[in-house]
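2 protein chains.
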Amino acid sequence: MTQAAHVFDDALALTVLGAAGEGRYAGRTTPAYANMVGPFGGITAAIMLQAALQHPAWAGEPLALTVNFAGPVADGPFAVSAVPTRTNRSTQHWSVQLTQAGQVATTASAVFGTRRDTWTGSETPAPGVPPAPTLAPLPEQVPVDWLRSYDIRFVDGGFSEREVADDSVTTMWLRDEPPRPLDFPSLVARCDAFFPRIFLRRGPVAAGTVTFTVYFHVGAEQLAAVGSSYVLGRAQGLNFGRSFFDQSAVLWDEAGDVLATSHQLVYFKG
Amino acid sequence: MTQAAHVFDDALALTVLGAAGEGRYAGRTTPAYANMVGPFGGITAAIMLQAALQHPAWAGEPLALTVNFAGPVADGPFAVSAVPTRTNRSTQHWSVQLTQAGQVATTASAVFGTRRDTWTGSETPAPGVPPAPTLAPLPEQVPVDWLRSYDIRFVDGGFSEREVADDSVTTMWLRDEPPRPLDFPSLVARCDAFFPRIFLRRGPVAAGTVTFTVYFHVGAEQLAAVGSSYVLGRAQGLNFGRSFFDQSAVLWDEAGDVLATSHQLVYFKG
Numbered sequence: 003m004t005q006a007a008h009v010f011d012d013a014l015a016l017t018v019l020g021a022a023g024e025g026r027y028a029g030r031t032t033p034a035y036a037n038m039v040g041p042f043g044g045i046t047a048a049i050m051l052q053a054a055l056q057h058p059a060w061a062g063e064p065l066a067l068t069v070n071f072a073g074p075v076a077d078g079p080f081a082v083s084a085v086p087t088r089t090n091r092s093t094q095h096w097s098v099q100l101t102q103a104g105q106v107a108t109t110a111s112a113v114f115g116t117r118r119d120t121w122t123g124s125e126t127p128a129p130g131v132p133p134a135p136t137l138a139p140l141p142e143q144v145p146v147d148w149l150r151s152y153d154i155r156f157v158d159g160g161f162s163e164r165e166v167a168d169d170s171v172t173t174m175w176l177r178d179e180p181p182r183p184l185d186f187p188s189l190v191a192r193c194d195a196f197f198p199r200i201f202l203r204r205g206p207v208a209a210g211t212v213t214f215t216v217y218f219h220v221g222a223e224q225l226a227a228v229g230s231s232y233v234l235g236r237a238q239g240l241n242f243g244r245s246f247f248d249q250s251a252v253l254w255d256e257a258g259d260v261l262a263t264s265h266q267l268v269y270f271k272g
Numbered sequence: 003m004t005q006a007a008h009v010f011d012d013a014l015a016l017t018v019l020g021a022a023g024e025g026r027y028a029g030r031t032t033p034a035y036a037n038m039v040g041p042f043g044g045i046t047a048a049i050m051l052q053a054a055l056q057h058p059a060w061a062g063e064p065l066a067l068t069v070n071f072a073g074p075v076a077d078g079p080f081a082v083s084a085v086p087t088r089t090n091r092s093t094q095h096w097s098v099q100l101t102q103a104g105q106v107a108t109t110a111s112a113v114f115g116t117r118r119d120t121w122t123g124s125e126t127p128a129p130g131v132p133p134a135p136t137l138a139p140l141p142e143q144v145p146v147d148w149l150r151s152y153d154i155r156f157v158d159g160g161f162s163e164r165e166v167a168d169d170s171v172t173t174m175w176l177r178d179e180p181p182r183p184l185d186f187p188s189l190v191a192r193c194d195a196f197f198p199r200i201f202l203r204r205g206p207v208a209a210g211t212v213t214f215t216v217y218f219h220v221g222a223e224q225l226a227a228v229g230s231s232y233v234l235g236r237a238q239g240l241n242f243g244r245s246f247f248d249q250s251a252v253l254w255d256e257a258g259d260v261l262a263t264s265h266q267l268v269y270f271k272g
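One line per chain: the protein sequences are A and B, in this order.
Per our numbering: the first sequence = residues 3 to 272.
Per our numbering: the second sequence = residues 3 to 272.
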């Protein structure tokens with residue numbers, strides 16, 4: 003029996019162009035991650051990391067990823083190139099570009115490295131929240147198609163609270179829909195799954211991410227242990243003004259360990 | 003009377019190589035910003051932004067900067083190249099590289115853009131703290147030379163509290179020493195002036211920034227209004243474990259307006 007690929011794997015499928023070591027790939031947007039216009043930024047960010055992970059020179063575990071949304075990505079085919087800019091004994095740096103019709107649409111830098119056992123500590127404890135299954139799923143009608151590729155359970159700061167709020171905090175459980183084991187690219191996409199914080203302060207206005215950063219806090223093994231469980235996320239805007247605001251997010255596993263922290267700068271209108 | 007350049011301007015001096023539009027520059031490290039080994043990361047980050055600001059194609063105001071410390075920068079000369087990767091109607095994206103002896107040492111991406119009057123709000127209020135002049139300056143003996151190029155007044159979480167603390171918060175006033183009007187490059191450097199948060203949790207251990215991001219929250223005009231006053235900064239580590247931790251910082255002006263938010267991922271040992 004042949005099983006169809008998961009929508010996430012389908013969206014991340016990159017065809018190698020030329021020799022593997024050249025780091026050149028062909029990809030295309032997919033309907034499962036369609037946004038208002040073009041693809042969901044989180045899936046584009048995941049593709050940027052995937053391009054490095056698929057390169058034969060890749061070494062270490064993902065530590066950080068910064069993705070710059072330099073221009074709109076149109077629905078359809080795109081090219082990606084991934085180049086290692088420097089490889090050290092314990093870290094490796096990458097430069098990734100996504101182009102459409104020869105024009106740069108997205109740029110990214112990624113850092114990989116070797117992790118060793120060290121002291122651990124956290125100053126971002128997971129909030130105490132009800133378990134995901136006790137919370138309402140998203141309504142049938144969602145504003146953008148990519149939300150159908152996630153199972154999101156709002157704890158607070160959900161869509162229904164779009165009246166102007168005093169703060170921009172959203173706490174939510176999320177996993178892929180259908181469920182899929184967590185890996186680094188899907189963790190990246192989940193970090194961008196929080197709607198723009200300005201919506202909670204000003205209602206729905208035009209908004210788009212300009213630059214997006216993820217810091218990874220666990221290795222592949224701990225990530226695999228999450229499997230297709232929910233992860234808990236919390237996001238909040240820091241400062242809003244003169245066309246831009248920033249928002250930060252933390253993702254925890256069900257045990258309360260930090261999986262990733264994430265930050266982004268977002269354009270907004272009004 | 004000829005006045006010697008400020009140490010910060012001296013450190014940022016880049017000589018244009020070739021035609022101006024090529025974006026190629028020659029620079030060198032300076033003793034005023036020397037770190038334990040090589041230069042203070044904040045000055046390197048400032049140089050990366052400066053390379054784009056000095057390019058004739060530069061348009062808009064700095065919105066975001068991400069600097070990846072791909073390898074050590076040695077004391078001595080370096081080359082910088084700044085390339086606009088995409089220019090839109092209201093944003094412009096840059097790629098910047100610093101090389102030494104033909105090897106990439108530092109990479110960066112910068113985003114510039116047009117700001118318009120919009121709704122403003124903040125969810126990172128400035129803490130109430132005593133005015134800078136009422137607080138003790140740094141002691142005569144500082145662990146690294148670049149600290150002599152800053153006037154830092156710790157409110158809490160200072161060097162003297164290097165016994166293991168329960169959290170990694172530092173609140174401090176800072177300005178250039180000697181005083182110098184604030185601009186975008188000096189704001190970048192100040193965002194990196196907080197010592198590694200792991201020191202507050204574990205005492206002095208080997209640590210080094212891997213990647214560093216600054217989001218700018220004000221335009222040139224508001225920055226100029228700060229002049230050579232102190233800015234208030236607060237930094238805290240988010241999550242520590244398996245060789246890496248991240249820390250976030252906010253810088254406010256004396257009126258409590260957010261000037262910049264900043265995030266970094268840091269390697270540590272032990």
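Read the hints as simulated data drawn from the structure, not as lab findings.
A hint or two may mislead.
Identical chains share a label here; the pair holds if one copy fits it or two copies do between them.
[Said to hold, decoys possible] Derived DMTMM-like pairs: lysine to aspartate or glutamate, alpha-carbon spacing no greater than 20 Å straight-line:
| no. | residue 1 | residue 2 |
| --- | --- | --- |
| 1 | Lys271 | Glu256 |
| 2 | Lys271 | Asp169 |
| 3 | Lys271 | Asp11 |
| 4 | Lys271 | Glu179 |
| 5 | Lys271 | Asp119 |
| 6 | Lys271 | Glu142 |
| 7 | Lys271 | Asp158 |
| 8 | Lys271 | Asp147 |
| 9 | Lys271 | Asp153 |
| 10 | Lys271 | Glu24 |
| 11 | Lys271 | Asp255 |
| 12 | Lys271 | Asp77 |
| 13 | Lys271 | Asp12 |
Hints versus structure:
1. Lys271 - Glu256: For Lys271 and Glu256, the Cα distance exceeds 20 Å both inside one copy (36 Å) and across copies (28 Å).
2. Lys271 - Asp169: within (18 Å within a copy, 37 Å between copies)
3. Lys271 - Asp11: Answer is neither; intra-copy 34 Å and inter-copy 36 Å both fail.
4. Lys271 - Glu179: So Lys271 and Glu179 fail the 20 Å test inside a copy (31 Å) and across (39 Å) alike.
5. Lys271 - Asp119: The answer is between: 9 Å across copies meets 20 Å, while 46 Å in one copy does not.
6. Lys271 - Glu142: Neither: 28 Å inside a chain and 49 Å across chains, both beyond 20 Å.
7. Lys271 - Asp158: Close neither inside one copy (25 Å) nor across copies (38 Å); limit 20 Å.
8. Lys271 - Asp147: Neither: 23 Å inside a chain and 44 Å across chains, both beyond 20 Å.
9. Lys271 - Asp153: Neither: 29 Å inside a chain and 38 Å across chains, both beyond 20 Å.
10. Lys271 - Glu24: neither (40 Å within a copy, 34 Å between copies)
11. Lys271 - Asp255: neither (34 Å within a copy, 25 Å between copies)
12. Lys271 - Asp77: Neither: 24 Å inside a copy, 45 Å across copies.
13. Lys271 - Asp12: neither (33 Å within a copy, 39 Å between copies)
When each numbered hint is compared with the structure, violations occur for hints 1, 3, 4, 6, 7, 8, 9, 10, 11, 12, 13.
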